[in-house]
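For chain A, the structure is supplied; the task is to place chain B on it using the hints.
Residue numbers (the numbering used here), protein chains in the order written: chain A, 1 to 197; chain B, 1001 to 1137.
No wet-lab data here; the hints were simulated from the structure. Hints may contain errors.
[As the list claims (entries may be wrong)] In silico EDC-like cross-links for lysine to aspartate or glutamate, where the CA-CA straight-line distance does not exceed 16 Å: (1) B:K1136 <-> A:D51; (2) B:K1044 <-> B:E1063; (3) B:K1136 <-> A:D161.
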Amino acid sequence: MRKFIVLALIMLFGASAFQAQAPQQAPPAKPAFEPLKVAEDWVKRLNALDDWYITVDGKESPELKQVVDSMMELYAPDVLAEVPPHDPDQMGPVMLRGSANVRKWVERIATTRVRLLYLNKRQTGERGEFEGERLVYSTPLPWGGVGIAFQVLATYSLREDRRRFTAPGIVILQFGEDGKIHRLRLFEPELTQVVPL
Amino acid sequence: MKRQFVLVSMVIAVLLAGATLWAQQRRTHDLIMKDVQATYANLKKNLDANNTAAAVEDATKLEGLFKETEGFWAPLNTKDAVNFAKSAQEDTAAVVAAVKANDMKKAQETYTTVRNNCAGCHFSHREESGKGFSIKP
Chain A
1 MRKFIVLALI
11 MLFGASAFQA
21 QAPQQAPPAK
31 PAFEPLKVAE
41 DWVKRLNALD
51 DWYITVDGKE
61 SPELKQVVDS
71 MMELYAPDVL
81 AEVPPHDPDQ
91 MGPVMLRGSA
101 NVRKWVERIA
111 TTRVRLLYLN
121 KRQTGERGEF
131 EGERLVYSTP
141 LPWGGVGIAF
151 QVLATYSLRE
161 DRRRFTAPGI
171 VILQFGEDGK
181 IHRLRLFEPE
191 LTQVVPL
Chain B
1001 MKRQFVLVSM
1011 VIAVLLAGAT
1021 LWAQQRRTHD
1031 LIMKDVQATY
1041 ANLKKNLDAN
1051 NTAAAVEDAT
1061 KLEGLFKETE
1071 GFWAPLNTKD
1081 AVNFAKSAQE
1091 DTAAVVAAVK
1101 ANDMKKAQET
1111 YTTVRNNCAG
1121 CHFSHREESG
1131 KGFSIKP
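Only chain A is shown next, with the shape it has when bound in the complex:
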């Protein structure tokens, strides 16, 4: 019995000593918010919406759902989006409330447009550079999170008849502290059809 008590005490002491020596794990550092990186990611996922195929038996390939899911990963469930209209008769933007409605908009782009080419425009400065820089403007939001804005050149073709359109545009994204997009504004005024000369 005495031996058992001594052994138990030794084990208890050993365990507490081991615990004291173990380094305290710091909480994982929150990745820094990089406006340029998130802007590029948004554009990349938007351009990927036509990266799907038709199967030999005439069905949409599973990649369609994947590209839509990939875009939707960026949005919060309560996202509010103001986007250009699809209907040529509508004047002004369309307001979408909630990720389910934004998903419908994303799916519509994926299924009705091809050869998507959204470019984050570059600007040359006063240092003599000729490549230009992609400018992404960012500001902390009063209620937390970060808002970013950047210029794009939006170009795409219609799946139905391959007519091609282009427009200068602005993208405004508001990210919450959860890293998700809570507000989106996409402006594409002056949409022009691209015609061969």
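What follows is chain B alone, placed relative to chain A:
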């Protein structure tokens, strides 16, 4: 009453069987395209050899294959592909007419215009994906 019921059941069964058969008979796009490729090559050989009977047979077959291609694209919201398939049908029909009229020069000329439809459609809807060709919407 019982007779009517039997009759209606029979009609439904026949319709269902017909629909199933029709669905089974629709070939996949890759098979249609392989058939087009082989028939198109044959047509050229027969036109070059002035083999009119075989050329008419090939061109008629091609016309049918392009009709099948049109059927593939019709439900897919791609007017341009449907138009390429329709135009190819018209061109192959013109080849048939020219060969029947013994106008082999015109048949050869029209033969090359068929290829323009193929090239136009492939430019928009065929993509090399590393594992062969894929169909773009």
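We went through each hint and held it up to the structure:
1. The straight-line distance between the Cα atoms of B:K1136 and A:D51 is roughly 8 Å, inside the 16 Å bound, and the hint therefore holds.
2. Between B:K1044 and B:E1063 the alpha-carbon distance is near 15 Å, which keeps this suggested pair within the 16 Å criterion.
3. For the suggested pair B:K1136 and A:D161, the alpha carbons sit about 13 Å apart, so the restraint of at most 16 Å is met.
Figure legend: structure checked against the earlier numbered hints; every hint is met.
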